[in-house]
Amino acid sequence: MANPTGWKPNMEKTSGGTPETAVGAGGATRGLAYEEPLVFEHKGNGRTGASLPPRGGDFDPAKEIPKELLRGGIEGMPSLGELDVVRHFTRLSTWNHGIDTGFYPLGSCTMKYNPKSSEALARLPGFAHAHPLLPAELCQGALELMFQLERALTEIAGFTATTLSPAAGAQGELTGIMMIRAYHQARGNPRKKVLVPDTAHGTNPASCAQNGYEVVQLASGPDGRLHPETVRAAMDEDVAAIMLTNPNTLGIFESHIAEIAEIVHAKGGLVYGDGANLNALLGVARPGDMGFDVMQFNLHKTFATPHGGGGPGSGPVAVKEQLVPFLPLPLVVKDGPGYRLVTDEKERPQSIGKLREFWGNFGMFVRAWALIRELGPEGLKRAAELAVLNANYVRSKLQDVYHLPYDTDSLHEVVFTDKALKPTGVTTMDVAKRLIDHGFHPPTVYFPLVVQGALMIEPTETESKETLDAFVEGMRAVVAQAKEDAEGVKASPLKPVRARLDETRAARKPVLRWTPGMKLE
Amino acid sequence: MRYHPHTEEDVQQMLDATGRESLSDLFRSIPAALRLSRPLAVPPATDEVSLLSELGRLAARNAVEHPPFLGAGAYPHHVPPAVDQLLLRGEFFTAYTPYQPEVSQGTLQALFEWQTMVCLLTGLEISNASMYDGASATAEAALMAARITGRKKIVVSAALHPEYRKVLATYLRSTHDEVVTVPYGDDGRTDLAALERAVDGDTAAVMLGYPNFFGVVDVVKEAAAIAKKAGALSVAVTTEAVALGLLKGPGELGADVAVGTMQSFGNGVGFGGPAPGFFAIREAYVRQMPGRVCGATVDKQGRRGFVLTLSTREQHIRRERATSNICTNSGLTALAATIHLSLLGRRGLSELAQVNYARARLLRAAMEREGFGLRFSGPTFNEQAFEVGDAEAVVARLAKRGIAAGAPLARWYPDDPRMKGALLCATTELHAPELIDAFARAVKG
Amino acid sequence: MNFPDDLKYTREHEWCRLKGNRAVIGITDHAQEALGDIVYVELPDVGDPVKKGESFGVVESTKAVSELFSPVTGKVVEVNDPLSDAPETINEDPYEEGWMIQVEVANPAELAELLDAAGYQKFIEDEQE
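Chains as they are written, first to last, in this note's numbering: chain A, 1 to 521; chain B, 1 to 445; chain C, 1 to 129.
The set of hints was computed from the structure by calculation and includes no laboratory data. Do not take every clue at face value.
Simulated crosslink set (EDC-like; lysine to aspartate or glutamate; CA at most 20 angstroms straight-line) [as the list claims (entries may be wrong)]:
| hint | chain 1 | residue 1 | chain 2 | residue 2 |
| --- | --- | --- | --- | --- |
| 1 | A | K67 | B | E222 |
| 2 | A | K509 | B | E8 |
| 3 | C | K19 | C | E96 |
| 4 | C | K122 | C | D37 |
| 5 | A | K465 | B | E8 |
| 6 | B | K228 | B | E196 |
| 7 | A | K381 | A | D289 |
| 8 | B | K444 | B | E387 |
| 9 | B | K400 | A | E137 |
| 10 | A | K267 | A | E214 |
| 11 | A | K509 | C | D6 |
| 12 | A | K334 | A | E347 |
| 13 | A | K465 | B | E21 |
| 14 | B | K400 | A | D335 |
| 15 | C | K63 | A | D58 |
| 16 | C | K63 | C | D37 |
| 17 | A | K422 | C | E125 |
| 18 | A | K519 | B | D10 |
| 19 | A | K397 | B | D415 |
| 20 | C | K122 | C | D29 |
| 21 | A | K334 | A | E137 |
| 22 | B | K300 | A | D502 |
| 23 | A | K267 | A | E321 |
| 24 | A | K509 | C | D116 |
| 25 | B | K152 | B | E178 |
| 26 | B | K300 | A | E466 |
| 27 | A | K346 | B | D415 |
| 28 | C | K19 | C | D6 |
| 29 | C | K19 | C | E97 |
| 30 | A | K63 | B | D187 |
| 31 | A | K465 | B | E9 |
| 32 | A | K381 | A | E155 |
Anything over 12 angstroms on all C-beta distances counts as not near chain A; from chain B, calculated [to be verified]:
| hint | residue |
| --- | --- |
| 33 | Q105 |
| 34 | A158 |
| 35 | A193 |
| 36 | A198 |
| 37 | D202 |
| 38 | I226 |
| 39 | A230 |
| 40 | E370 |
Just so you know, even glycine gets a beta-carbon here, dropped at the ideal spot from N, CA and C.
Based on the sequences and whatever the hints tell you, model everything.
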């Protein structure tokens with residue numbers, strides 16, 4: 001019999017759905033998600049998920065190590081089998097949005113696709129299992145890769161040499177400012193101030209302060225650009241450097257850069273470039289050709305190394321000739337037919353020293369090099385062109401419903417505000433949360449600070465026109481809903497495993513670790 | 001190009017929508033004089049097959065057939081395949097910093113679990129969401145101690161990892177804090193009498209390794225007491241975190257701060273990076289702690305969830321008054337460590353430490369049979385320094401056979417004649433007893 | 001928005017009430033609203049000196065941090081300690097329960113230099129332009 005029980009499902013259609021179930025512009029709908037406690041909250045009863053080899057001998061640590069320094073099993077650590085652990089983390093992962101899930105229009109972050117081939121390459125045993133202290137003849141492959149990457153990055157940005165060492169963009173900035181200080185110090189006067197525009201990323205003034213420099217903030221003009229007169233008025237022989245992002249954090253090209261660099265150089269200062277927005281310039285223009293003396297890269301932005309929930313990044317720093325002596329250690333140099341690492345200060349007496357252990361985030365070097373290698377000069381330029389095209393397309397499709405604070409040309413990112421929504425009471429934050437229900441990660445919000453209620457959108461070149469069209473639809477749908485149903489927007493997000501979280505409570509009464517029997521009242 | 005999805009038709013439609021003539025026109029805000037007039041001089045584009053082949057050849061030129069007998073800050077351990085396979089889930093791997101917590105609960109809960117594990121291993125009350133690496137964590141600990149105490153002197157053991165001490169010097173050069181180095185004795189431990197003389201009312205922090213660079217279990221308890229008496233903070237620095245499966249956490253011995261790297265869990269040696277630095281402190285210092293931190297809270301429906309918190313210490317709000325300029329953490333590598341530690345669990349972590357200890361004792365016995373004794377008499381975990389005569393020659397000779405023999409200590413301590421013949425060797429669960437025997441014989445020559 | 005008539009105000013959004021030779025000081029309704037939910041406040045100790053125009057502490061919300069600037073010169077004689085456990089008091093009642101410090105004023109004439117309620121209100125309106 002075809003149907004022994006006689007049961008048939010009731011396929012009668014129900015209505016379109018509630019806000020929680022209606023399919024969002026980005027395709028977001030319901031799904032089966034699991035509640036999952038902390039790994040410590042599972043009962044374990046002494047299981048383990050590890051498979052270890054035998055000790056190989058019977059040795060009692062107490063014979064050698066003072067007994068009061070020894071511990072037994074750590075109370076509170078989980079006791080789970082492998083399947084329990086696998087389920088735990090698999091379930092946790094389903095609560096996340098990732099580039100692999102959907103669009104991430106985060107301005108200033110360059111959330112482009114992370115190539116899978118880069119992952120396969122980074123995991124090759126020859127790279128993953130190479131100890132950093134291997135004798136040079138046993139790691140020529142790693143050294144050659146570092147050398148090639150250094151040459152490529154230097155060429156892409158238009159400088160003389162690059163250090164691969166800094167662990168992240170912010171550490172790269174620290175390195176850059178340290179080198180600037182060392183440069184001035186070698187000339188007898190470290191100077192006192194650094195000029196920073198009001199559009200700067202927060203790491204910029206923080207890096208200056210950590211080097212003992214006073215930060216002088218410069219006001220950008222009504223066109224969103226820094227003007228030469230402003231710099232001229234602030235520039236004197238007490239200024240060590242100016243720190244600029246180009247294009248700036250508004251996505252606008254600082255077209256006065258050549259003149260500004262000249263003003264600063266004329267009084268003996270240096271020009272630092274925050275290379276976070278390099279994606280807009282690849283193959284089109286080079287910071288080194290604009291007058292910058294030093295610039296940090298963000299490999300996790302421009303060169304698609306994975307963000308992994310917040311890090312690690314990698315922040316190589318490129319310099320012009322006059323700063324080369326101050327580069328941190330180590331450097332990879334040619335040594336006859338092969339390569340070696342320069343780690344000895346005696347070889348580089350003016351180096352600022354080391355900023356981290358070993359040589360840099362090598363895993364990120366493999367991935368960045370793989371991308372540069374696959375794209376080639378044409379692909380790199382194409383990336384910039386499409387990144388800028390995508391941002392301008394989104395701009396043209398939203399400028400009639402969202403307020404555009406600057407008329408000036410956008411490059412790879414565009415900034416809107418929530419000004420047009422003021423009558424509805426819906427804010428930038430509300431827009432961000434409602435976009436989640438549509439299936440998009442929100443854009444960057446409330447940055448840069450010069451713009452009130454900023455919504456910064458950077459599509460990147462790896463997003464298709466279809467995705468952008470869906471995003472535009474979602475953004476427009478939120479505006480429409482704000483006019484009819486502001487409360488509905490303010491109640492979002494409704495679809496993810498958690499609704500809006502009480503951040504005030506988290507800061508007033510910090511609970512930063514699990515404790516047995518932990519309860520949040 | 002597989003990552004650039006636009007067809008010619010897409011490009012044309014989009015150009016029309018923006019009112020631009022051509023792709024080049026999109027860059028009209030860049031002065032012509034600044035535009036690049038030639039293609040970038042990088043190698044020409046290639047396909048995936050050739051890419052994998054070319055980089056595969058580079059990887060093959062690194063000698064990884066045998067596990068290296070090398071530690072010195074990076075420890076070769078077994079990473080279970082389950083770790084990578086979980087880590088590679090796109091929702092973890094390709095997620096951004098969890099600034100929008102509703103769609104980042106996976107990352108956030110995992111960070112909360114990392115923070116908890118760091119506290120459990122170190123015996124301290126609070127941990128942050130990871131640091132770039134162990135060396136910068138050490139430097140940031142010194143800066144924090146200076147802020148908290150208002151003092152300017154950092155006292156450091158000469159047996160603390162030399163690279164870490166160099167990084168410390170680089171960071172402190174800008175703040176004009178003074179670094180005073182205290183020598184080690186013949187047992188490889190910090191000289192307590194010298195430490196007592198060096199620590200005074202000007203001292204912000206006392207820092208030593210645990211285990212230290214020589215693999216020796218250093219005198220954290222005594223150093224913490226000396227620091228406390230003088231009103232300074234004591235900082236224990238751990239580069240081989242598996243040791244915390246056998247040794248008490250620094251917090252239990254009286255240390256105020258514990259930093260270092262958890263590279264040994266979930267992360268291979270990877271030619272030196274990246275790996276999760278860790279930073280753990282007593283609760284009283286929480287508002288001075290650098291880096292990101294994740295906290296528990298509730299959502300609008302009363303369900304427990306997690307958010308990044310105490311952000312006002314950080315650069316994106318405080319800017320020049322930030323506790324540090326740090327932006328990213330090392331979330332992915334911290335996640336790898338958290339997954340690995342969850343798989344090990346209480347029993348597995350303990351046993352892993354015992355296996356490491358046993359393999360190091362096997363090496364000691366094998367080296368003794370070949371006539372090589374220890375340089376230092378202090379207790380060690382899985383790393384120890386042997387007297388081998390001409391350490392550099394041994395390394396060179398074994399390198400010809402594709403074996404990484406260890407680290408000659410004279411490279412970092414050229415002025416100490418006791419180090420001339422000393423070779424620092426690490427052994428872990430990766431070094432099988434047969435390999436250990438063969439190694440000792442090979443050292444003999 | 002509340003601008004009590006009997007108070008004096010600064011351009012850094014502190015208010016000041018003179019009680020004999022003591023100045024009671026806090027932050028305004030406008031300030032607490034701009035900051036958002038206050039999570040932490042750092043105040044000086046009793047006996048600490050303060051100077052007009054200089055920072056005497058810090059107030060933090062979840063999204064911002066602000067220095068507190070003294071409208072007068074003198075010595076701190078009382079600190080509102082309960083604020084450290086209940087910083088939300090500043091949001092709920094900025095002019096009464098949310099007072100922060102009391103200062104023994106060296107020179108009461110300094111208060112005449114501060115803004116009155118109307119002046120402060122106008123200052124805010126001009127800022128919003």
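Hints, one by one, checked against the model:
no., hint, verdict
1, A:K67 to B:E222, "holds, 15 angstroms"
2, A:K509 to B:E8, "violated, 55 angstroms"
3, C:K19 to C:E96, "holds, 13 angstroms"
4, C:K122 to C:D37, "violated, 25 angstroms"
5, A:K465 to B:E8, "holds, 11 angstroms"
6, B:K228 to B:E196, "holds, 11 angstroms"
7, A:K381 to A:D289, "holds, 16 angstroms"
8, B:K444 to B:E387, "holds, 12 angstroms"
9, B:K400 to A:E137, "holds, 9 angstroms"
10, A:K267 to A:E214, "holds, 18 angstroms"
11, A:K509 to C:D6, "violated, 35 angstroms"
12, A:K334 to A:E347, "holds, 14 angstroms"
13, A:K465 to B:E21, "holds, 18 angstroms"
14, B:K400 to A:D335, "holds, 18 angstroms"
15, C:K63 to A:D58, "violated, 57 angstroms"
16, C:K63 to C:D37, "holds, 9 angstroms"
17, A:K422 to C:E125, "holds, 18 angstroms"
18, A:K519 to B:D10, "violated, 53 angstroms"
19, A:K397 to B:D415, "violated, 69 angstroms"
20, C:K122 to C:D29, "holds, 15 angstroms"
21, A:K334 to A:E137, "holds, 13 angstroms"
22, B:K300 to A:D502, "holds, 7 angstroms"
23, A:K267 to A:E321, "holds, 18 angstroms"
24, A:K509 to C:D116, "violated, 37 angstroms"
25, B:K152 to B:E178, "holds, 6 angstroms"
26, B:K300 to A:E466, "violated, 34 angstroms"
27, A:K346 to B:D415, "holds, 15 angstroms"
28, C:K19 to C:D6, "holds, 11 angstroms"
29, C:K19 to C:E97, "holds, 16 angstroms"
30, A:K63 to B:D187, "holds, 16 angstroms"
31, A:K465 to B:E9, "holds, 10 angstroms"
32, A:K381 to A:E155, "holds, 13 angstroms"
33, Q105, "violated, 4 angstroms"
34, A158, "holds, 17 angstroms"
35, A193, "holds, 19 angstroms"
36, A198, "holds, 23 angstroms"
37, D202, "holds, 20 angstroms"
38, I226, "holds, 17 angstroms"
39, A230, "holds, 23 angstroms"
40, E370, "holds, 17 angstroms"
Hint compliance for this structure: hints 2, 4, 11, 15, 18, 19, 24, 26, 33 are not met, and every other hint is.
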